[in-house]
Amino acid sequence: MDVALFISILTITIRAGTSLLYATIGEILTERSGILNLGVEGMMIMGAVSAFAAAFHTGSVWVGVITAITVGGMLALIHAFLTITLRADQVVSGLALTIFGSGLASFLGQRLGPGGQPLVGQVGPRFEKITLPLLSEIPLFGDAMFRQDILVYGMYLLVPLTWFILYKTRPGLHLRAVGESPHTADAMGLNVSGLRYFYTILGGMLVGLGGAHLSLAYTPGWTENLTSGRGWIAIALVIFATWDPARAVVGALLFGGVNAVQFRLQAAGTTIPAAFLNMLPYAFTIIVLVLITWWEAFRKRVGAPAALGIPYMREEAV
Amino acid sequence: MPFALRLEKRLEESQLTAFLVPVGSLLLALAFGAVLLQAVGADPWRTYTAMLEGAFGTPAQWIEGDFYALTETLVKATPLMLCGLAVSIAFRMLFWNIGAEGQLVMGGFAAGAVALWLPDMAPWLPRWVFLPLMALAGIAAGAAWGILPGLLKAYVRVNEIITTLMLNYIAILWLQHLYYGPWKDPKGFGFPGTAQFATFTWLPRLFGRVHLGLVFAILAAIFIWLVLSRTRWGYEIRLIGENPVAARYAGIDIARNIILVMFLSGGLAGLAGMAEVAGISHRLQHGLAVGYGFTAIIVAWLARLNPWGVVVVAFLLAALLVGGDQIQITMGLPAAMALVLQGAILFCMLGGNILTRYRLRIVRRLPAEVVQVAQEG
Chain L
142 MDVALFISIL TITIRAGTSL LYATIGEILT ERSGILNLGV EGMMIMGAVS AFAAAFHTGS
202 VWVGVITAIT VGGMLALIHA FLTITLRADQ VVSGLALTIF GSGLASFLGQ RLGPGGQPLV
262 GQVGPRFEKI TLPLLSEIPL FGDAMFRQDI LVYGMYLLVP LTWFILYKTR PGLHLRAVGE
322 SPHTADAMGL NVSGLRYFYT ILGGMLVGLG GAHLSLAYTP GWTENLTSGR GWIAIALVIF
382 ATWDPARAVV GALLFGGVNA VQFRLQAAGT TIPAAFLNML PYAFTIIVLV LITWWEAFRK
442 RVGAPAALGI PYMREEAV
Chain H
5 MPFALRLEKR LEESQLTAFL VPVGSLLLAL AFGAVLLQAV GADPWRTYTA MLEGAFGTPA
65 QWIEGDFYAL TETLVKATPL MLCGLAVSIA FRMLFWNIGA EGQLVMGGFA AGAVALWLPD
125 MAPWLPRWVF LPLMALAGIA AGAAWGILPG LLKAYVRVNE IITTLMLNYI AILWLQHLYY
185 GPWKDPKGFG FPGTAQFATF TWLPRLFGRV HLGLVFAILA AIFIWLVLSR TRWGYEIRLI
245 GENPVAARYA GIDIARNIIL VMFLSGGLAG LAGMAEVAGI SHRLQHGLAV GYGFTAIIVA
305 WLARLNPWGV VVVAFLLAAL LVGGDQIQIT MGLPAAMALV LQGAILFCML GGNILTRYRL
365 RIVRRLPAEV VQVAQEG
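Protein sequences, first through last, are from chains L and H. Start counting the first sequence at 142; every next residue gets the next number (the working numbering). Start counting the second sequence at 5; every next residue gets the next number (the working numbering).
Since the hints were derived computationally from the structure, they do not count as laboratory data. What you were told as hints is all true, and nothing was included just to trick you.
Okay, the calculated beta carbon distance ranges per label pair: (1) L:Gly257 to H:Leu31: 26 to 32 angstroms; (2) H:Met335 to L:Pro301: 49 to 55 angstroms; (3) H:Val367 to L:Glu269: 50 to 56 angstroms; (4) H:Ala259 to L:His198: 52 to 58 angstroms.
To give an idea of the interface, some chain L residues facing chain H are shown, with a C-beta separation under 7 angstroms as derived from the structure: (5) Ala229; (6) Ser247; (7) Phe248; (8) Pro414; (9) Thr426.
From the three backbone atoms N, C-alpha and C, an ideal C-beta is built for every residue, glycine too.
Kindly produce the complete structure, drawing on both the sequences and the hints.
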């Protein structure tokens with residue numbers, strides 16, 4: 142494979158993987174606390190539409206980013222209130238969040254343009270690529286890794302930071318405790334509900350940020366169904382990563398790579414019909430999920446936090 | 005905060021709240037929608053009136069014998085009922101089938117394939133066999149699309165939420181490929197869609213655009229109700245859903261049940277797809293996958309997985325969808341308003357549901373020192 146092709150594929154891989162990775166890291170944090178939030182797709186698409194709308198009207202991508210984070214966090218708060226305080230079924234609440242978010246994003250996308258017009262087709266501000274001096278000179282990888290937008294660089298920092306906090310610090314230990322054994326965590330004096338609220342909202346914020354990367358950097362602008370299942374792929378990636386932020390990187394690169402190959406093939410004028418290329422990420426998700434589930438079962442490992450999806454009631458015994 | 009919310013378990017489910025919660029949820033959702041409409045500069049009262057009249061018609065129209073609005077609501081209620089039943093039977097045993105949309109599309113695809121190609125391949129077949137064949141093809145294709153994640157769940161324990169959902173995208177892209185590509189009507193002026201089916205493959209209409217699919221849906225509801233309440237199989241499904249551990253100890257073959265239930269679930273959604281293409285569009289084209297499979301999740305849950313409840317709730321949510329279309333046509337407001345309201349109703353129901361089982365108490369939080377003293381003492 143020639144060098145230029147490799148660099149081009151790696152560049153698209155990283156760009157495509159970034160929004161996925163933000164969403165995956167967010168969902169890992171949420172699920173680690175014991176809350177399953179299937180609303181990722183809904184929060185992500187709301188993040189995307191609100192980020193673009195805010196950036197479009199203010200002219201500032203950063204206002205867009207902050208809006209997306211806020212919106213993601215607020216939607217996650219609904220889920221947190223329903224599932225933690227009111228102990229509603231987490232699966233149904235998450236699905237409701239996805240349906241609600243997708244509907245609201247579609248509604249807003251048709252009304253938030255200039256003068257109440259649709260946002261579709263509008264051109265707004267976007268994150269430009271920033272070339273990092275020295276680092277971008279690294280042979281082979283420098284060009285692909287360090288000629289990216291700033292949200293990609295944010296990701297480079299976020300992943301090791303999350304990993305470090307999760308496995309090497311006291312707050313990370315507390316997070317894992319409430320997800321594995323909330324009764325023990327409660328006995329230790331931890332505020333189980335409070336921590337679950339915190340990480341559900343934090344997770345929603347990161348998912349919203351992933352949506353912002355889509356509409357402000359990856360494919361700038363707003364189109365109906367912009368996320369096209371990326372939120373669900375992120376949930377699959379959480380399982381793939383066995384709830385470990387470091388392994389999530391591998392997953393996001395794999396899926397970004399599928400996107401990149403799809404992109405390159407289309408650009409090269411392949412005879413494979415576009416529909417089949419577009420199926421790749423979804424088919425790939427199923428195959429990867431089957432393999433990883435089979436492999437983890439074979440190794441007799443349980444990756445999921447033990448209390449995932451189970452509401453916590455102090456009064457009710459384990 | 006000096007006050008905190010506390011939940012206390014009720015000894016028995018409250019009948020009054022069981023009635024008040026759905027009503028309150030609807031009102032709260034409408035209130036939220038009103039705020040949203042106001043925010044984008046639309047008149048909530050006029051919008052809701054337009055939705056209501058769009059879905060049910062006006063008394064003046066009824067007197068003139070014009071039931072167009074109501075029949076359109078029944079047209080949309082038909083696939084919602086079938087998919088709602090499909091989803092609810094799977095949810096009964098805690099199999100989260102989010103794939104009714106894809107199963108519906110595959111059912112429509114298979115029925116369409118029969119209608120498009122079989123008359124030419126086998127012209128000697130009597131005409132009356134085509135509709136039953138299309139129904140069988142639709143059921144089989146939907147069931148196959150449902151069994152695949154069922155098998156993966158039963159034997160490899162792969163998360164079915166993800167697999168059923170991913171299969172939706174694959175089915176939709178597959179159908180798009182066909183009517184944009186190889187199956188496109190050469191005489192269709194470039195319009196994406198297949199040629200129209202021969203008229204003898206059309207489902208008979210009952211009134212307005214309401215077709216025989218509505219009868220399928222009612223029969224399916226009776227069938228599901230009989231299975232769940234009168235058969236051993238139904239008992240096993242309910243037991244697995246209520247207590248999987250006990251079910252396993254009772255010697256129930258869970259893997260076998262997952263596959264059977266997904267056959268039934270996918271088959272019903274596939275039948276919905278068949279009814280849509282044979283009863284409404286009479287061709288394969290854009291507009292088959294419009295989210296019935298997702299709305300069906302809300303239908304199933306609001307109906308508390310009860311087959312008769314599904315029939316009623318499907319009708320009500322269909323009215324919401326038709327009302328949404330109506331405000332798009334007459335007021336230029338996004339039809340997605342209906343989806344927003346659906347989601348909001350579901351949220352409120354989810355939150356309100358707890359009130360039937362628990363009493364919500366606002367309690368005064370004691371200052372930390374007092375608690376400490378009490379604990380030490």
